[in-house]
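Peer 1: As you go down the protein sequences, you meet chains A and B in turn. Be aware that the first sequence starts at 231, since it is given in our numbering, and climbs by one per residue. Be aware that the second sequence starts at 709, since it is given in our numbering, and climbs by one per residue.
What the hints contain is simulated information worked out from the structure, not anything from laboratory work. Just so we're clear, the structure is a prediction, and the values are computed from it rather than from any experiment. The reader is advised that the hints may include incorrect statements.
Stated by the list, open to error - Result set (BS3-like, lysine-lysine): computed pairs, CA atoms no more than 27 Å apart in a straight line:
| no. | chain 1 | residue 1 | chain 2 | residue 2 |
| --- | --- | --- | --- | --- |
| 1 | B | K960 | B | K1020 |
| 2 | B | K836 | A | K327 |
| 3 | B | K851 | A | K351 |
| 4 | B | K836 | A | K351 |
| 5 | B | K989 | B | K1026 |
To be verified - Here are some chain B residues pointing at chain A (derived, C-beta under 10 Å):
| no. | residue |
| --- | --- |
| 6 | S792 |
| 7 | A793 |
| 8 | Q794 |
| 9 | T797 |
| 10 | G818 |
| 11 | M821 |
| 12 | N822 |
| 13 | A824 |
| 14 | M825 |
| 15 | N829 |
| 16 | E831 |
| 17 | F832 |
| 18 | D962 |
Said to hold, decoys possible - Cβ pair distances, simulated, as ranges:
| no. | chain 1 | residue 1 | chain 2 | residue 2 | range |
| --- | --- | --- | --- | --- | --- |
| 19 | A | E238 | B | T1032 | 52 to 62 Å |
| 20 | B | K851 | A | G377 | 51 to 61 Å |
| 21 | A | E238 | B | D733 | 45 to 55 Å |
| 22 | A | K279 | B | K1026 | 50 to 60 Å |
| 23 | A | A259 | B | E839 | 31 to 41 Å |
| 24 | B | A973 | A | A259 | 33 to 43 Å |
| 25 | A | K412 | B | E853 | 18 to 28 Å |
| 26 | A | G415 | B | M993 | 56 to 66 Å |
| 27 | B | N834 | A | G377 | 34 to 44 Å |
| 28 | A | G331 | B | T1039 | 56 to 66 Å |
| 29 | B | L976 | A | G355 | 33 to 43 Å |
| 30 | B | G817 | A | K397 | 27 to 37 Å |
| 31 | B | T996 | A | G355 | 45 to 55 Å |
| 32 | B | A730 | A | K402 | 43 to 53 Å |
The beta carbon of each residue, even a glycine, is placed where N, CA and C say it ideally should be.
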Amino acid sequence: MNKLHLTEAVRTIKELMVEKADYLAELDARFGDGDLGISMSQGFTAATKAMEEEKDNQDLGIILRTAANAFNEAAPSTLGTIMSFMIMGMAKNLKGKTNSGLEEVADAMINGVHMIMEKAKSKPGDKTILDSLYPGVYALKANIEKGKKIAFKEALKAAEEGLESTKNRKGKHGRIAYYGEKTIGEIDGGAVVGVLIFKALMQYIEK
Amino acid sequence: MKKIINNPSDFVPEVMEGILLAYKDRVKVLDKDKRILMKSTKTKKGKVGIVTAGGSGHLPVFLGYVGDGMLDGCAVGNVFASPSAQKMTDMIIAANNGAGVLCLYGNYGGDTMNFAMAVENAEFENVKTMEVLVKDDVASRPKEEAAMRRGVAGMVYAFKVAGAAADEMLSLEEVAKVTQEALDHIRTIGIALSPCIVPEAGKATFSIKEDEMEFGMGIHGEPGIEVCTMKKADEIADSILAELLLDMPLKKGDEVSVMVNGLGATPLEEQFIVYRRLHMKLAEMGVTIFIPHIGEFATSMEMAGLSVTIFKLNDQFKKYLRVTASTPFYTNYNK
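This is chain B alone, in the form it adopts within the complex (with noise of 0.2 Å):
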């Protein structure tokens, strides 16, 4: 294992304090051990909260979208493992406005056990929540049982367009129900190229031949659709796409937004390499792209390989991307 670490077990917690030191401006920490972040800068009265929760490792996934526009808390748990149901329920908790809380976060076993204990202890202190769970890898199980698919970097713009809602001051069904008809159009599908290694375990879990890359595979190195043969980058977009839009069908005149995702170890070059493919076979279709976005967003420590989202878009979607957010790792300022 070569990794810029300390102490293995000390890995979550000095990289919460380096975060704290960076952005104190804007973020702040609810309890001693330095799990659950919360946003420090004003939020408007009455807005409904949204949090998220889940392991570390995936930075900027799932803290650095704590602040304005999307995140009001998050909790994060170490390193692929879920936080414990009573961190989530004193975020849930501090999260509210009065007006309620959204729990926004991808369907992993552990996170949704947590988050169902965390969501009663919340309704027992008068807190009203709700939930909407990411389920965007389209290669994580068939179409048929997409209810049980995995939730991957789709995830950050769910995130973004609760947040936009949320400024809106909509209710908190209000709020649910478009993050969820957000998340009814988007699709994932990641490849991986290298494993990842998660510090206190000190190797790696599982090994892909020099020569060969995993379509499909997990942000946490779950098996994919098929281990191939490495391919040319043009080739590797196409492939991404056809799978993709077999999932989501698109037709001449639709709009997207794009969403090419660095998993860690993948230069930014080789991940515009992949969007300029992706952008002439949309271009090709007729499909106009609205607000790219291209580096990393949900990573997976030192893995190599990319991920690529579709966003079909609307007028109200086209309108919650635009409008103005702000946080230590994320603001579309830029784009």
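Same shape as in the complex, but just chain A (with noise of 0.2 Å):
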């Protein structure tokens, strides 16, 4: 994976969430403020207009570090800052690399997962992204020696089963903690943002 490649990997990321922002507003609305559509669409759209304007560097980590930056300023909301610590967790294992192979990438999404999970003070089973987002990276790391083709397919799958236990659990953190038990039976919106980026992932590498 090269520059060329990251960027437009995550601006397949965008045109998805810019799809979806009414979807994902809706689901946030039930137990969030409803930011959550416009949150996602504008961090990556801010994202990859960053990643478009660094020319001159071809480093990885310095790219994602740009692109974490951005989607920080534009998308300040919780999710929005804990993308940003996602990108930025694999910034910093990408960093002096101008091309990475599969293993590289999972090793940089583990990286990620586990910045979200430290600076967020949360784990998986919180009804948050990360049942989503863990899972999936992980089957990624799992798979790799089958080829990006199926190692992707098993990660997006491996999300959408993180996906659906959300609706077993009921919410930790945030505004949807207020709500309790009545948070059963509904899925997360965070857990589906994890589940169209590993989509998105997927859609790309079938292109």
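Two chains, two frames, a set of hints: combine them into the complex.
Peer 2: Next up, the structure:
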């Protein structure tokens, strides 16, 4: 993966987030403040733009760091900041590299997920974006030897299963926590974002 | 709203301009928006940098403590709002003298999120950082949830300790450790008699009845423990002290520093009346007071009221309080 691939992959995520913005807003409005769709589409739009503007730099880490900061500036909501941490975690792993293989990409994504866990003091099972991202990145890592197509397919499958599992859980973080038991039976909007990321990556790889 | 201002939207920039004009021999700004204030006096090479950040509207907190013996830098936001992660990042990088930077700030949602991002950015630039959060407001959460308490006036003592430890050329880990130890011995409670007005909002966000006071109110008007009828100074001092001692017991022979901090509209005279009672009560217990701090250290614009901070001392903390510090808003030459 080089700079061009990375930028295109993030652009694909952006396009899907823009397309699904209304759906995300609707999901979020049930227990949150309804800004999920806007913040994800604005955040990924800003990140894509910032990456395109990094003309002279080929370092994947530096490009991702630029993207993380642009995301944070454009979408300072909670999930916006959480996405910035994910991108920042990836940036730290890929610093100094202009090209990376599938395993390095998987490791960087794992590092991003751990950065979210550390900074947001959250873990899988709390009915958050981690419920889809966490199984997704580990499934990606576990399947790298089968090639990128299968690896990303497995990652998407694991993320979707993770999303399903949020139905049976109570929300613990942020505004959703006030609703407690009432949140059982509903999927988590943040976890949907995690699935959309893997869906977009799958689309990008199939292109 | 009755305030001596120009355009409400110019409030923060004009405050910053005034400070820069008054103290340009000691402080400077890093950015053209004038949101990052840095010490401009000579700094020893290899000294750990100490930085903080937070919203405007609390002078002398936060930026007033940028100077010799205390902070190397401070990023300021709009009134009661965190500065951006980008400003914090630029400040951390500028405050690094090769030994890393301690980020020492109050426990508020926006500040912690932005600092978390800034710290990652600084590390990306190979600047080592550590974070210590101030959580001294006893009234903000019960003791079992002390880790979630807010940071208020006690942070001034933490700035002093961290600055003095850094000047002793301790390592980043050591400075963070001693600062955390100091904070473990610092407790604060405030009372409010009247609200404050955010310039751009133009009106008070809450009200307190003429014959009432709010016990335990935060410096942004966060609700406290209870609203009660207005009391006499001695009774106020007694109930504050009782609440503080419940959280951090003191015994005969202990030494403390006491800070009586005016919130903005309470006269110094009234602060000394409260100090008098606190001093008498502590003396009765056999507790001695070292370098009392009475005045305005952490305010909330025109809020009337005060806070009381107790810092339980050991020899190291006493040494750190005594060693000279001189910033545009703080000196211990007179203490």
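Peer 1: So, for every hint listed, does it hold in this structure?
Peer 2: Here is how each hint holds up against the structure:
1. B:K960 <-> B:K1020: Cα-Cα ~12 Å, so holds.
2. B:K836 <-> A:K327: holds, 22 Å
3. B:K851 <-> A:K351: holds, 21 Å
4. B:K836 <-> A:K351: Given pair B:K836, A:K351 holds - Cα atoms ~21 Å apart, limit 27 Å.
5. B:K989 <-> B:K1026: holds, 21 Å
6. S792: Status holds, d = 7 Å.
7. A793: Hint on B:A793: holds, closest Cβ of chain A at ~6 Å, below 10 Å.
8. Q794: Interface hint status for B:Q794: holds (7 Å vs cutoff 10 Å).
9. T797: holds, 8 Å
10. G818: Since the shortest Cβ distance to chain A is 9 Å, the answer is holds.
11. M821: Where the cut-off is 10 Å and the nearest Cβ of chain A is about 5 Å from B:M821, the hint holds.
12. N822: B:N822 check passes; min Cβ-Cβ to chain A is 8 Å, inside 10 Å.
13. A824: At 5 Å from the nearest chain A Cβ, B:A824 passes the 10 Å test, so the hint holds.
14. M825: holds, 6 Å
15. N829: Given a least distance of 7 Å, the restraint on B:N829 holds.
16. E831: holds, 8 Å
17. F832: Holds: closest Cβ of chain A sits about 6 Å from B:F832, inside 10 Å.
18. D962: Constraint on B:D962 not satisfied, violated at 35 Å.
19. A:E238 <-> B:T1032: 52 to 62 Å: holds, 58 Å
20. B:K851 <-> A:G377: 51 to 61 Å: With a Cβ separation near 56 Å, B:K851 and A:G377 satisfy 51 to 61 Å, so the hint holds.
21. A:E238 <-> B:D733: 45 to 55 Å: Holds, since A:E238 and B:D733 (Cβ atoms, about 53 Å apart) stay within the stated range.
22. A:K279 <-> B:K1026: 50 to 60 Å: holds, 55 Å
23. A:A259 <-> B:E839: 31 to 41 Å: holds, 34 Å
24. B:A973 <-> A:A259: 33 to 43 Å: About 42 Å separates the Cβ atoms of B:A973 and A:A259, which means 33 to 43 Å holds.
25. A:K412 <-> B:E853: 18 to 28 Å: holds, 24 Å
26. A:G415 <-> B:M993: 56 to 66 Å: holds, 57 Å
27. B:N834 <-> A:G377: 34 to 44 Å: Once the Cβ atoms are compared, 36 Å apart, the range 34 to 44 Å for A:G377 and B:N834 holds.
28. A:G331 <-> B:T1039: 56 to 66 Å: holds, 59 Å
29. B:L976 <-> A:G355: 33 to 43 Å: violated, 54 Å
30. B:G817 <-> A:K397: 27 to 37 Å: holds, 29 Å
31. B:T996 <-> A:G355: 45 to 55 Å: holds, 52 Å
32. B:A730 <-> A:K402: 43 to 53 Å: Holds - the Cβ-Cβ distance for B:A730 and A:K402, about 48 Å, lies within 43 to 53 Å.
The structure does not agree with the numbered hints 18 and 29 stated previously, though it agrees with the rest.
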